[in-house]
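S.K.: Sequence order for the protein chains is R and H. Each residue of the first sequence is one higher than the last, beginning at 0 in numbering that gives the first Met the number 0. Each residue of the second sequence is one higher than the last, beginning at 0 in numbering that gives the first Met the number 0.
Read the hints as simulated data drawn from the structure, not as lab findings. It cannot be assumed that every hint is accurate.
[What the hints assert, rightly or not] What follows is a list of derived Cβ distance ranges for each label pair:
1) H:Pro267 - R:Leu92: 29 to 39 Å
2) H:Pro267 - R:Arg167: 25 to 35 Å
3) H:Val32 - R:Gly20: 51 to 61 Å
4) H:Arg179 - R:Ser50: 49 to 59 Å
5) R:Leu73 - H:Arg21: 35 to 45 Å
6) R:Leu73 - H:His20: 30 to 40 Å
7) H:Val32 - R:Glu78: 37 to 47 Å
8) H:Ala263 - R:Glu110: 22 to 32 Å
9) H:Pro217 - R:His52: 39 to 49 Å
10) H:Arg179 - R:Leu66: 27 to 37 Å
11) R:Arg70 - H:Val420: 30 to 40 Å
12) R:Arg70 - H:Arg86: 56 to 66 Å
13) H:Tyr457 - R:Leu97: 36 to 46 Å
14) H:Ala403 - R:Ala51: 56 to 66 Å
[As the list claims (entries may be wrong)] These stretches of chain H come out as covered by chain R in the derived footprint (C-beta under 8 Å, 3 or more residues):
15) 150–156
16) 171–184
17) 229–238
[Unchecked claim] Partial pick of chain R residues on the chain H-facing surface, computed with a CB cut under 8 Å:
18) Phe71
19) Leu73
20) Trp74
21) Phe106
22) Glu110
23) Leu114
24) Val130
25) Met153
26) Ile157
27) Gly161
28) Thr163
29) Gln164
30) Arg167
31) Val168
No residue lacks a Cβ here, since even glycine has one placed at the ideal position from N, Cα and C.
Read off the chains here:
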Amino acid sequence: MSRTAELVLILVVLANFVVLGTARLSSCVRAVALQGVLLGLAPILLFPGWSAHRVALAVGTIVIKGLVVPRFLLWAIREAAVRREVEPRLGYLPSLLLGTVVLALAFALAERWPLPVEGGGLLVAVAVTTVVHGLFVLTARRNAVTQVVGYIMMENGIYLFGLTQAERVPFLVELGVLLDVFVGVFIMGIVVFHINREFDSIDSTRLSELAE
Amino acid sequence: MTILHALVLLPALGALGAAVHRDEAYRTAWLVVIAALHLALTGTAWVSAPRATLGGWLALDALGLIVLTVVSTLFGVAAVYAVGYLRRESPRGGRAFVSCLLGFLAAASLVTVSHHFALLWVGLEATTLAVAPLIFHRHDRRSLEAVWKYLMLSSVGIALALLGTFLLAAAQSASAGTGRPLMLEDLIAAGALLDPRWLRAASVFLLVGFGAKMGLVPLHLWKPDTYGEAPSLVAGLMAGALTTCAFLGLMRMVQVVAAAGQGAFLTPLLLAFGLASLAVAALLLIGQSDLKRLLAYSSVEHMGLLVLGLGLGGGGVYGSLLHAVNNGLAKGLLFLTAGNVALARRAGDAGDQRGLLQTLPVSGVLLVVGLFAVTGSPPFGTFISEFTIVRGAFEGGHPWIGAATMLCLAVAFVGIARLVVGMAYGPPSGSNARTPESAWLVVGPAMLAVLLVALGVYIPPSLHQRLSDAAAALGGRAP
Numbered sequence: 000m001s002r003t004a005e006l007v008l009i010l011v012v013l014a015n016f017v018v019l020g021t022a023r024l025s026s027c028v029r030a031v032a033l034q035g036v037l038l039g040l041a042p043i044l045l046f047p048g049w050s051a052h053r054v055a056l057a058v059g060t061i062v063i064k065g066l067v068v069p070r071f072l073l074w075a076i077r078e079a080a081v082r083r084e085v086e087p088r089l090g091y092l093p094s095l096l097l098g099t100v101v102l103a104l105a106f107a108l109a110e111r112w113p114l115p116v117e118g119g120g121l122l123v124a125v126a127v128t129t130v131v132h133g134l135f136v137l138t139a140r141r142n143a144v145t146q147v148v149g150y151i152m153m154e155n156g157i158y159l160f161g162l163t164q165a166e167r168v169p170f171l172v173e174l175g176v177l178l179d180v181f182v183g184v185f186i187m188g189i190v191v192f193h194i195n196r197e198f199d200s201i202d203s204t205r206l207s208e209l210a211e
Numbered sequence: 000m001t002i003l004h005a006l007v008l009l010p011a012l013g014a015l016g017a018a019v020h021r022d023e024a025y026r027t028a029w030l031v032v033i034a035a036l037h038l039a040l041t042g043t044a045w046v047s048a049p050r051a052t053l054g055g056w057l058a059l060d061a062l063g064l065i066v067l068t069v070v071s072t073l074f075g076v077a078a079v080y081a082v083g084y085l086r087r088e089s090p091r092g093g094r095a096f097v098s099c100l101l102g103f104l105a106a107a108s109l110v111t112v113s114h115h116f117a118l119l120w121v122g123l124e125a126t127t128l129a130v131a132p133l134i135f136h137r138h139d140r141r142s143l144e145a146v147w148k149y150l151m152l153s154s155v156g157i158a159l160a161l162l163g164t165f166l167l168a169a170a171q172s173a174s175a176g177t178g179r180p181l182m183l184e185d186l187i188a189a190g191a192l193l194d195p196r197w198l199r200a201a202s203v204f205l206l207v208g209f210g211a212k213m214g215l216v217p218l219h220l221w222k223p224d225t226y227g228e229a230p231s232l233v234a235g236l237m238a239g240a241l242t243t244c245a246f247l248g249l250m251r252m253v254q255v256v257a258a259a260g261q262g263a264f265l266t267p268l269l270l271a272f273g274l275a276s277l278a279v280a281a282l283l284l285i286g287q288s289d290l291k292r293l294l295a296y297s298s299v300e301h302m303g304l305l306v307l308g309l310g311l312g313g314g315g316v317y318g319s320l321l322h323a324v325n326n327g328l329a330k331g332l333l334f335l336t337a338g339n340v341a342l343a344r345r346a347g348d349a350g351d352q353r354g355l356l357q358t359l360p361v362s363g364v365l366l367v368v369g370l371f372a373v374t375g376s377p378p379f380g381t382f383i384s385e386f387t388i389v390r391g392a393f394e395g396g397h398p399w400i401g402a403a404t405m406l407c408l409a410v411a412f413v414g415i416a417r418l419v420v421g422m423a424y425g426p427p428s429g430s431n432a433r434t435p436e437s438a439w440l441v442v443g444p445a446m447l448a449v450l451l452v453a454l455g456v457y458i459p460p461s462l463h464q465r466l467s468d469a470a471a472a473l474g475g476r477a478p
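One chain only, chain R, in its complex shape:
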């Protein structure tokens, strides 16, 4: 694996930590936007040579994960006039510490379960880390926008794992991922907007009318 590819993967992990450690919603969204761009570069940098399929995947990923979805979320933040995550379920420092533990465990796992793919070890470790970090953000934050950001991080991790199979499995899988992010976030964004209008807040814990 080239040095640039390694750098890209490391930056992906750093973007995770930005989301884990910050309360400002717009910073979280910008971090996943950066992650989306990096993810678009990854297939070109990871595998030698060029192919139309890979370029199309890169362009599609950058446009959707790096531009469209983040813009949509920034728009949702503006509409809802919320800036910061208030009272996360778990504080920022513990989140960062837990995130580091996850990173270490992911590297240990990638070491023990090798895949016959070039650069597989680092790719698997980063993918697993990003999935777990995403799930963590999804459960540890209360704000609907941050939860969507967590969901996107999880999707990004899954996409990275998919890259280990990208050379073998035809591109239907990658299309599926892009479709999922696009449609999923699109619908969620609309719902976030409606929740805001109906509840005057996008704190998802206020959704408690349907308690047992």
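Position chain H relative to chain R; hints supplied.
M.R.: Using the frame of chain R, we list chain H on its own:
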């Protein structure tokens, strides 16, 4: 073009066609025609088995055919019901309502005929998306909350299922000679060549992902809210057809894991998910005061039963497959009847939900019939299938599981009966005048009730053959 293409394309094109029509009467007629054609296509697939197409990506084996039949039958009934329903109430979706329903049918059909895990995943994802706008039809706080929970939990579930699919590809890539990636037949043929570590990881993620769609405990939290808020017609399709499709995804995974000789790893997981769902649902069924939420917990209970039967192996697998059919029909029957009750209440002439046998005689009777059908009493088909699963537990050397299952079923019976009997009998609190019931709204549920009784009395040899074949593919056998 073969039947397999037609099964998916017919409703997909129908969804587009319905979006074009301006007149609601046209759209509903269109819906019924497409549903009838789909049912006819499914019937042809019973007569002569369609050949695999698209290089084996689309094929219809016994397992797929059983689920397809449940989906198609239930959709046919729901389409007839929709005629009466759309006359009484116009859901917010308006023109999109019929299109989304047909889109759901297309996606569910794709799930039943796909023999490629990525395609299966795409189909399941599409069912989720097609149904989401239908739940969100009232645009008020409660239905917003329902749709948010539904989207969040099922999106996470479906994302984890995708990760599971990738892990399955990784298990396959670990050694050469495992055939085409993610093809069901090739994965089964590869068997022990699959890397066991990645395969186990894949099975866990697929179980959690599909389990979230089925609504297994602890991934069931979206269910009561969603079923409680969605129009009954939609809730019935979700509880009867969508969950059965997710169960099919789970069974495909079990096929691969069993072929690889890793069944012993999966069995305890299936039993644990199954028992937990049964027990938690049975406890929550007691004390429910809303019919649709009650039915949602009943759905959790029966999903647990399906997974339990699959985990028990042997005759339990046959029972589980038969129960997938019976549960689909019973859920359709009860949700559509619950829809009639809700329509009458909204019209304001049924008063409180008591004494339904007097105010809504036909729906009241159907509700009582549904009560016995869903709790697995003779002579309904559910009795036979639940009995087969419990017998599978005793024969498989799990007497405690068998006993626990019977206890949970008994508790669930008390919970459901308490509410339903209270609603059906007793004096109506408002006026006790009979509310006229549209034939469109009762003929479907009545047909489902007849089918349930028929399956309880007699299982046709052709169905028995398909069930035995499917059970054998899952490592089980006919009892």
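S.K.: Taking the hints in turn, state whether each one holds.
M.R.: Verification of the hints:
no. : hint                            : in the structure
1   : H:Pro267 - R:Leu92: 29 to 39 Å  : 38 Å, holds
2   : H:Pro267 - R:Arg167: 25 to 35 Å : 32 Å, holds
3   : H:Val32 - R:Gly20: 51 to 61 Å   : 57 Å, holds
4   : H:Arg179 - R:Ser50: 49 to 59 Å  : 20 Å, violated
5   : R:Leu73 - H:Arg21: 35 to 45 Å   : 38 Å, holds
6   : R:Leu73 - H:His20: 30 to 40 Å   : 38 Å, holds
7   : H:Val32 - R:Glu78: 37 to 47 Å   : 42 Å, holds
8   : H:Ala263 - R:Glu110: 22 to 32 Å : 27 Å, holds
9   : H:Pro217 - R:His52: 39 to 49 Å  : 40 Å, holds
10  : H:Arg179 - R:Leu66: 27 to 37 Å  : 35 Å, holds
11  : R:Arg70 - H:Val420: 30 to 40 Å  : 55 Å, violated
12  : R:Arg70 - H:Arg86: 56 to 66 Å   : 43 Å, violated
13  : H:Tyr457 - R:Leu97: 36 to 46 Å  : 58 Å, violated
14  : H:Ala403 - R:Ala51: 56 to 66 Å  : 58 Å, holds
15  : 150–156                         : holds (count 4)
16  : 171–184                         : holds (count 4)
17  : 229–238                         : violated (count 0)
18  : Phe71                           : 15 Å, violated
19  : Leu73                           : 20 Å, violated
20  : Trp74                           : 18 Å, violated
21  : Phe106                          : 16 Å, violated
22  : Glu110                          : 13 Å, violated
23  : Leu114                          : 6 Å, holds
24  : Val130                          : 7 Å, holds
25  : Met153                          : 6 Å, holds
26  : Ile157                          : 5 Å, holds
27  : Gly161                          : 5 Å, holds
28  : Thr163                          : 6 Å, holds
29  : Gln164                          : 4 Å, holds
30  : Arg167                          : 5 Å, holds
31  : Val168                          : 4 Å, holds
Violated hints, listed in ascending order, are 4, 11, 12, 13, 17, 18, 19, 20, 21 and 22; each of the other numbered hints is respected by the structure.
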